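Novice: Letter by letter, the chains look like this.
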Amino acid sequence: MDIATVIGLVGGFGLIITTILMGGNAGGFVDIPSVVVVLGGTFAATFVMFPLKTIIGTIKVAMKSIFFKSQDPADIVRTITGLAEKARKESLVALEKVPIEDEYLKKGVLLVADGSSEALVRSIMEIELDFMKQRHRQGQGVFKGMGMLAPAMGMIGTLIGLVNMLQNLEDPASIGPAMAVALLTTFYGAVMANVVFIPIAKKLEERSEEDALFMQIMIEGVASVQRGEHPSVVKDKLEAFLAPALRENS
Amino acid sequence: MDIATVIGLVGGFGLIITTILMGGNAGGFVDIPSVVVVLGGTFAATFVMFPLKTIIGTIKVAMKSIFFKSQDPADIVRTITGLAEKARKESLVALEKVPIEDEYLKKGVLLVADGSSEALVRSIMEIELDFMKQRHRQGQGVFKGMGMLAPAMGMIGTLIGLVNMLQNLEDPASIGPAMAVALLTTFYGAVMANVVFIPIAKKLEERSEEDALFMQIMIEGVASVQRGEHPSVVKDKLEAFLAPALRENS
Amino acid sequence: MDIATVIGLVGGFGLIITTILMGGNAGGFVDIPSVVVVLGGTFAATFVMFPLKTIIGTIKVAMKSIFFKSQDPADIVRTITGLAEKARKESLVALEKVPIEDEYLKKGVLLVADGSSEALVRSIMEIELDFMKQRHRQGQGVFKGMGMLAPAMGMIGTLIGLVNMLQNLEDPASIGPAMAVALLTTFYGAVMANVVFIPIAKKLEERSEEDALFMQIMIEGVASVQRGEHPSVVKDKLEAFLAPALRENS
Amino acid sequence: MDIATVIGLVGGFGLIITTILMGGNAGGFVDIPSVVVVLGGTFAATFVMFPLKTIIGTIKVAMKSIFFKSQDPADIVRTITGLAEKARKESLVALEKVPIEDEYLKKGVLLVADGSSEALVRSIMEIELDFMKQRHRQGQGVFKGMGMLAPAMGMIGTLIGLVNMLQNLEDPASIGPAMAVALLTTFYGAVMANVVFIPIAKKLEERSEEDALFMQIMIEGVASVQRGEHPSVVKDKLEAFLAPALRENS
Amino acid sequence: MDIATVIGLVGGFGLIITTILMGGNAGGFVDIPSVVVVLGGTFAATFVMFPLKTIIGTIKVAMKSIFFKSQDPADIVRTITGLAEKARKESLVALEKVPIEDEYLKKGVLLVADGSSEALVRSIMEIELDFMKQRHRQGQGVFKGMGMLAPAMGMIGTLIGLVNMLQNLEDPASIGPAMAVALLTTFYGAVMANVVFIPIAKKLEERSEEDALFMQIMIEGVASVQRGEHPSVVKDKLEAFLAPALRENS
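Residue numbers (my numbering), protein chains in the order written: chain U, 168 to 417; chain P, 168 to 417; chain Y, 168 to 417; chain G, 168 to 417; chain C, 168 to 417.
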């Protein structure tokens, strides 16, 4: 699934660079000071926006968006149905020895095997879900913030260029190139915001919703197992979370 | 109902093309590289925004927006009232053999016939409703995302054109046409966003709300049937969901 | 109350037309193709946005915004207090014969007179309230959509005009008038959006909130009557919904 | 507290007028037809947006924003703690004779003294709080609406001016002044929106939140008094609503 | 953690000033009247927007954003687990003598030691949490308001400059510099909004969420201690609030 992010980034920058090369004037689109003021200004304002640890945490989160290996929700349903069967045949305590890959599901099952009340298990699992969402929202927030700041910094750079140009109108030949350079910061800001920052913020949001869905399936599944519901009821219930479409394409 | 989407798309593009033809310069509005950078850039950034399977799922969802055959809510009420009558005359188990077209309603009725508790039936049906909404939101999100990206890509294309033009002001005669070409990407982005992407996102939202309404009627209806309520009470209750206006025009 | 809508529309267009006439060049502001592309494009995209039956329903809803006769909330309180008195003196069954003008209140009272449980009456009345709100939201949505599309279509028209103009710069004398015509679509879009579509969407929202308030008063009132509360308690309770200001100006 | 509104309005207009006077061309900023189209158009569209009685009610609400005398929340806590003491020493009925300045608190206390159930008192008080909020939202809505309409009307005025100017380019000397006049409507719209309408809408929102806080304190306080809680518990509970900062600066 | 804010502000202004100096025309970017109209206008409209005491409170809140010393959430969990142990070994009353640094936690523990009911303790703690959030929202609101007003005041300043310039087009040599000065207010407004006001509003929001998280941990922790839950259960429950990532980087 990481392929989509890579294809998108490569394709987006590829198209823009190709368009520039077709104009026959690629050199005119590279201006290091303009890059520095847009990206530097965006990062500086991001530091004012977020605590240092949120920004560091976001780097990890962004990596996840590219190298994330998505779980198959049908697998989760199968695992939990298996647990329900074992719990009915043997006992809730027997679940303790079942090897479970997913850390979150494992924690819930261990709480059940320990004999915790259903309300306690659900409460612990829901708190973890809520705060997973909140942490993901922070990561999305950093990218959304940069997506808002990059065009603003682009505009600030263009204003600096325009003011400089307007105060030196003696040489008419220099007006065009000066204005071209002034527009470059707006261009950089628009590209960074619309090809990188805003789309990655959105992908993190999608990932977070997917994770939340999986965790909700696990919460309901663990509760069903604990109540000793029949495996086929458990399956019916959990498959309600899955659209036919989702299963076919996963 | 798919007619409105078709009329709208044909009418919108027809009007814009007619206006262009009236200007007597239709050739000046076709520029393949501009089309490529706007549409290609929009799709590339959409790939960064959404997981591959969400994008694939969206294509199906968009087809639905055009070829969807809407149910008549009055029909649903009639079907459920019929079930309520049968349940009172015979028994809940007898519902198992009633042929029901709608998959969702059928699932709920089978759960009732199987003797599941009211809370379980409602919980399974509500989970399916919630996740139907969530999946639809994703499809709308893809079109909303493209509706936001297309004008941005249009602006990026125009900035590339402007920078190229400003660095070649020697030939005054070329300035006008160069700027005209630069504006084309903005034009393409605005048309794609406002005639296609944003309106289709909105139609998907409308469809999703309609589906959700039908499913809510079915949830309440199945619960009423299960509680053995009198068919006329069931009818009263379910018709509260339907506005007179909705019935007349359905 | 429809007077405000009429005054506003007449006043808004009157002011704009007067300003144009004062410029001594009214003919320059009329361009039929520009009107067609802006209004036609807006309606076409609206057809993509909404199902046909929602659009048809909206026409009725807009009429309501102009010819609506608002109820006096104090009247509603008085009617319900009267019902509470009758219910205490005679019986709930006696309410069946009381003539009630408002369809919604009548339905609730008949349910009470029929001996339905309080929960059922409230549930039916609340479902109707929720779906009244949802239907009104759709009507507002159509006008909000047109308020968003009109300026976009205006911009698309202006871009067509600019591209045409920029490709024909040979005759300097034609540049000014050509650009003037190009700007007309932006002008039309801005006027339609800000004088008609957005304000009417807002008025429909206000009407919907008012209707919802009246229906909430009726729900609470019917419940009080059913519980046999003392008429003075009913009055106290229902008047909490009414601000002194609302009563004085109603 | 009304001082802030007055300082802000005088300061804002003072600064803008001073800046204009420093340009040595104050006469060029006064254009009566421009004022009329911006303000008139804004008011006309506001009439389409809101029912007449909402607009009239808003005038009173705006006056409140300037001449409002804020209550001291510590006073409210003190008053309610006093009531709790009296209720414990004497009886709930004795509260009837305590003089209470605030109408809302008085109504709640009288209901308690009359022996109404706790649920009824809370329900009446909460309904009044909810509808106070809704009425205030309407007042804010009118100012928010005008804050959105004023720049739009400014843009419409500027478009009219530009179209007029572009159709009369023969005399180059008149282009500058004509464009200056065209920009005035945008200027007026921006000033009205950003110095008057949007800030006042925000202040009304702040006031509404403050009122709601006071009313929530009163609801909890009246409930505590009715349950016969110890005055020191009542004080502890109600002071949780007050930040140290709020108390220090009130 | 205050380091990020300082780095961001110094870095952002440093980059912008360096870019200006590289243009070799730094003097052209300083215009005192422009600074006065943008900042003064922003502050004036802020006074119309907010009550005086909210503005004063915001200054303190902003200081906090820079000099704030964040608590370690793991410390909070450790403290509460310690309290749970003490409560089980000794008694709830014994908690009264435990020295607790955090004022909020201390208040909750003292209420428990005093023998208040669990519902009362939770209700007092939650009210304080809700109103902490509301006060923080006000502080963020002031900065958000200034972030919206600064660019608007910049635009108003630019409009004044443009109108002045357009009415004095006789001397072509003065047009460039006059327009440069006119653009300065837009430049100042964009810098203040995007480097200072909007980012600080966001940081305050982040801080508020962090504080709220800590307070929620304390509420759940105090409730667990009061119910006499086993310290290891308390630890399990509270650690669900903490992401592994959060613990590692705190």
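Honestly, the hints are just simulated from the structure, not real lab data.
Since the model is a prediction, treat every value here as computed from it, not as a measurement.
One thing to keep in mind: the hints can contain errors.
No copy labels: a pair is met if it fits in one copy or bridges any two.
To be verified - Below, simulated DSSO-like cross-link-like pairs (lysine-lysine); rule was C-alpha separation at most 30 Å, straight line:
hint : residue 1 : residue 2
1    : Lys274    : Lys227
2    : Lys227    : Lys264
3    : Lys253    : Lys402
4    : Lys273    : Lys231
5    : Lys264    : Lys311
Novice: Give a verdict on every hint.
Specialist: Now the hints, each set against the structure:
1. Lys274 with Lys227: For Lys274 and Lys227, the Cα distance is within 30 Å only inside one copy (23 Å; across copies 38 Å).
2. Lys227 with Lys264: Close neither inside one copy (32 Å) nor across copies (43 Å); limit 30 Å.
3. Lys253 with Lys402: both (14 Å within a copy, 29 Å between copies)
4. Lys273 with Lys231: Within. Shortest intra-copy distance 21 Å satisfies the 30 Å Cα cut-off; inter-copy 40 Å does not.
5. Lys264 with Lys311: neither (43 Å within a copy, 47 Å between copies)
In summary, the numbered hints that this structure violates are 2, 5.
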